[in-house]
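J.: Listed below, chain by chain, are the residues.
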Amino acid sequence: MDILYLLSLLCLSLGCLCNLIAGIGIIRFPDFYSRMHAAGISDVTGAGLILIGLMLQSDWSTTLSKLILILLFTLLTSPTISYTLANTAVKAKYKAKAKDNSKWQKDMEAK
Amino acid sequence: MMLVIAIATILLVMLLALLRAFLGPSLYDRILAVNVFGTKTVLFIAVLGFLTGRPDFLDIAMIYALLNFIGVIGVLRFFEYSGQESKDEH
Amino acid sequence: MSLAFIHISILCFLLVTVLAIVRMRDLLAVVMLLSIYSLLSACFFVVMDAVDVAFTEAAVGIGISTLLLLSTLALTKRFERPHRTEPVLALFLVLTTGALLVYGTLQMPPFGSASAPAHQHVAAYYIEQSFLDTGIANMVTSVLASYRGYDTLGELMVIFTAGIGVLALLELKTDTKVSRKTEIPAPMAAHHILRIVSKMLIPFILMFALYVQFHGDFGPGGGFQAGVIFSSAIVLYTMVFGLDAALKVISFAWLRFFAALGGLVFGATGVLALVSGKNFLDYHALAEDPIRAQHLGVLLVEVGVGITVAAVIILVFMSFTRQMAENGKA
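These protein sequence lines map, in sequence, to chains X, E and V.
Using our numbering, read the first sequence as starting at 1 and increasing by one per residue.
Using our numbering, read the second sequence as starting at 1 and increasing by one per residue.
Using our numbering, read the third sequence as starting at 1 and increasing by one per residue.
Only chain X is shown next, with the shape it has when bound in the complex (with noise of 0.2 angstroms):
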């Protein structure tokens, strides 16, 4: 059992170290799609491994079982989310705060 616990003590702490840096990111980052980047990391990232440090604190029982589903559907939703999101920004036609990228477009152009 210790072997368990000390894994689930190390996800937890990973988990809350992907939360802060995420959060982090929502609240520095320039413009709203690199903000998304940012975001994604806490609901996927941030999210699974405080789920499976959860995990390996439970014993086999309809806990273990429920925490295996909010998992499932998390993954299965916030990339959903992310891409709609993005996507419906992108139709609306708005804007990113990028700087000059005259430069490199027409480094592409010319390739």
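Treat the hints with caution; some may be incorrect.
Not everything, but these chain X residues come out facing chain E in the computed CB check (under 7 angstroms) [as the list claims (entries may be wrong)]:
1. Leu9
2. Phe32
3. Tyr33
4. Ser34
5. Ile41
6. Ser42
7. Ala47
8. Leu54
9. Lys66
10. Thr77
11. Ile81
Derived DEER-like restraints, expressed as beta-carbon distance ranges [unchecked claim]:
12. X:Tyr5 with V:Pro82: 53 to 63 angstroms
13. X:Leu75 with V:Val16: 28 to 38 angstroms
14. X:Leu4 with V:Thr97: 54 to 64 angstroms
15. V:Arg23 with X:Leu4: 47 to 57 angstroms
16. X:Asn87 with V:Leu132: 52 to 62 angstroms
Hint data in this document are derived by calculation from the structure and do not stem from the laboratory.
Quick caveat: nothing in here was measured; it's all calculated off a predicted structure.
Ideal placement from N, C-alpha and C gives every residue a C-beta, glycine not left out.
Chain X is fixed; fit chains E and V onto it per the hints.
T.: Chains E and V alone, transformed into the frame defined by chain X:
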């Protein structure tokens, strides 16, 4: 002990998402913040259930995991229905 | 260790959210903030150990409240009109009334104390006798469906009346077939990923609704929550695949029938008890063994509640969608 640290971290990320929901210059930032908040609520309720020793809470976490994206889809349907581009508010 | 920091931080978040809601002019952003408010409320109810209330807040706030507010916004304006004058008199009145109310609560017993008048008399009886009388582990369900079943019937009728009110306001035409050739908005159907993920999720949501319905005896759950979750699944289907496809699944006529059917099942249980010579909604008329009778009565009543709540919410949402369609194209 680790669970208390986890809850404190989750509350902190909730605060950051809340700040983004207030500040976000466009509507899409706010929708993003709501989505992050929803995922953090799932985690909060699950960890709190383990902390207080009552695994009944996992039903509530499962509801949020399933229904979290219905609100977002609704807002996006609103955009496609009215066909408007999201103007930046003041 | 004390977990007071959780209570304090959630209350602070609630306060800050409400202040932001009041100051914003863009109603779409306000709807987003309201859904954050609902998430925070559910967290707060969970922290205070009120699991059934948190369950209902979760089910209603995350799916239905946000969607109905958005549908209303789609039929009206998006931005709030700015005030011409500052409402000073209204602010003064609100502050005075609030101060008087707070002064009134200073005389009340401390929060959650066992000697408060609300916790004497009947509450103690329920806590001690509820499992012995009804055999149901969840006290909230036994009080809601058995001891106070008559109040629950009234609540169900309130929901039914709300559905009828929406139908009357939106002037639904009597022909239930959508026969016009203009397309009902199905804009999300072009997102293939969304269609596939929705098709995978909807059966699970429906199954979870059934689980919540029948698990209400042992854990948090019951008829109301199950009905709302069930309707969320159908609402998701309507949003992604369009109103035409959803009407092929269940038409307006069936929805109206089911909305009334739930209330009828509830009332019929009561009348059955009357006809057998006992009081209205006395479940002991349903079976010989009292515990079995209570279980049966609670089951019938909760099923009735679930059916009506689901049907009414789907009806309201589809009426809004149809109104949006007629506005958009006509």
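J.: Are there hints from earlier that the structure breaks, and if so, what are their numbers?
T.: Hint check: 3, 4, 5 fail, others pass.
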